[in-house]
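Trainee: The residues making up each chain are set out below.
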Amino acid sequence: MSSKFAILFLAGITALCAQDAPLDSSVKINLPADSPLTLISTDLGESHVSQRGSAVVLDLDVALTLHNSSPNRVRGVTLLVAAQEATPGGKASVSVPSLDVAPNQNFPVRINLRLLRPAQMGGGPLVQVNLDGVLFQDYSFYGPNRLDSRRTMTAWEMQAQRDRKYFKSILAARGIEGLKQAMLESLNRQAERPRLDVQVSRGRAVASSAVADHTARFAFLRFPDEPVEPVEGWAEIAGNEARNPRIDVRNLSSRQVRSVEIDWIVSDRQGKRYMAGSVPASGPEFNLKAGSTSRVLQDTALRFSHLSKDGGAPLSVTGMTGFVGQVEFADGKVWIPNRESLANAQLLGILEPSPEEQRLLDMYRKKGPKALADELNKF
Amino acid sequence: MMHPNPSTLALYAGQDLSWFARRRTERHLVRCSECSGEVQAFAAAHRDLVGLNELPALSWNRLSGEMKANIRLGVAAGECVRGAPTAGVLGWLGIMSATRTMAACAGLMALVAAGLFLERPRPATVPAIVPSVAGENAVLRATAGGIELNQGGQTLSLLHVRSADVTYLAGAQGSMRAGYVDSDTGNVTINNLYVQ
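Chains as they are written, first to last, in my numbering: chain A, 1 to 379; chain B, 380 to 575.
Bear in mind the hints are in silico, worked out from the structure with no lab data behind them. Glycine is no exception: its CB is placed at the ideal position from the N, C-alpha and C atoms. Warning: the hint list may mix true and false statements.
From the derived model, a few chain B residues whose C-beta atoms are all more than 12 angstroms from chain A [said to hold, decoys possible]:
id : residue
1  : F399
2  : C411
3  : L487
4  : L537
Among chain B residues calculated to face chain A with C-beta under 8 angstroms, some are [stated by the list, open to error]:
id : residue
5  : A517
6  : S536
7  : V560
Residues from chain B that keep clear of chain A, each with C-beta distances beyond 10 angstroms, as calculated [unchecked claim]:
id : residue
8  : M381
9  : R403
10 : H407
11 : R410
12 : M481
13 : A485
All chains, please: the whole structure from these sequences, using the hints.
Mentor: Encoded structure:
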């Protein structure tokens, strides 16, 4: 009952006190002077600041129009969205991969953000938007790369090329009907993909949570062409929570590796497999020379529940599987598993689709197979 | 489209609606991003309101009891010292003289002031939402309308208001990703939240 009264009290306060205010200088867009992108316009749409009790709520609906002033085609952009004053340990980014923006063309980027913070905090812009990186068609990169967006966008672009190549090969071999069939299969996979509600915790709760029930070992899926192999790994399990994953990896290639990302699958009592997340390792402390072994570790806790609007039941983790999802070499080149390997390991029905596959599926749904075929033939 | 009123959305956020009303509200939320956003705001604020329970509890019953007791004591004391009824209209009505009335009121006000001083309500200058403390636990989660970072009662959310088909991926380094196709632009948009 107390929660009911608290909510009703809040509703009343909201109705009485909520007063929208203009945004003024709440948002600041910063692009470097030498940026290959220039800001053409900023439309704040229905963005507004409102007072709710002792808190300020900023609803930001920003439509940016950017201009490609470089001589290269833009394949992806990442914007760093900082609200440090409100969440000192947190930051956000908005990326737009799978672009194909020619020189001197404009393109839109949308940012929808909500910030809830105390009313009595100081002035200044609530949100600052900075350019973190731009990826071009030739894989060259511009930007401060604070969020490691070079690696991320390069991997997305490689996935885009991989998936376009796959669908183009179907189009070439089986025509529009074959492409339609492949799209329907992909749509079915997405609809049937088991999904989990995953909550990520870092900080005090990770260290002070209940004692782990046991330590579970990873089983690993292997790909024939992987440059890095997972050797062994484990994580602490406490009910539906998996903590502090640690995975030893060995560099099988002749090149130095800058970062590795291990994809993480968990199984429930019925043996159903779910994509849990990824365990990345990068930075100066992660140094994987040719033939050497290193450890991927993260001090974090992932809590799994069945997906439900009302808060799903906790999922008891009974098994864990890992595989190498991404490797970045010291020269900036990136390895990803090919589509055949993913299909052979029966991972296509578990993994989220690549951004490009999402875009192609959306195009198929909205415009049909002919428009999709035209789009594929552009590349 | 008819929207549920704010109280219904607030009760839904607090999981206090009846089964039928909940189903009806859910059906509406599926197709109304505006109300979904409201529900998220209520849910976030509700979590923050839990902090209000940590305010020093006011003993209203005790305060009320003390005030009543003091008033009764004052009235009894007045009865003890009351002399013969005074002449005049007030005396005829059996009511105290103006001087005595003023004295009683002053005494009553002093009692109330003393009571309030001793058990004064703490002004709500410590809100449910306070600036984060370093080391405070941070939680990333996916919500109905986006992904959310909650830290020290403050929230930062990235919303996907123009798509219903969203993929999520958690990163063990402390990140949460939501990917969708923006129906306005046709571009894939990937929102990321990170906690350090």
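Trainee: Evaluate each hint against the coordinates.
Mentor: To see whether the hints hold, each was checked on the structure:
no.	hint	result
1	F399	15 angstroms, holds
2	C411	14 angstroms, holds
3	L487	31 angstroms, holds
4	L537	6 angstroms, violated
5	A517	5 angstroms, holds
6	S536	4 angstroms, holds
7	V560	4 angstroms, holds
8	M381	18 angstroms, holds
9	R403	14 angstroms, holds
10	H407	13 angstroms, holds
11	R410	14 angstroms, holds
12	M481	39 angstroms, holds
13	A485	36 angstroms, holds
Of the numbered hints given earlier, the model fails hint 4 alone.
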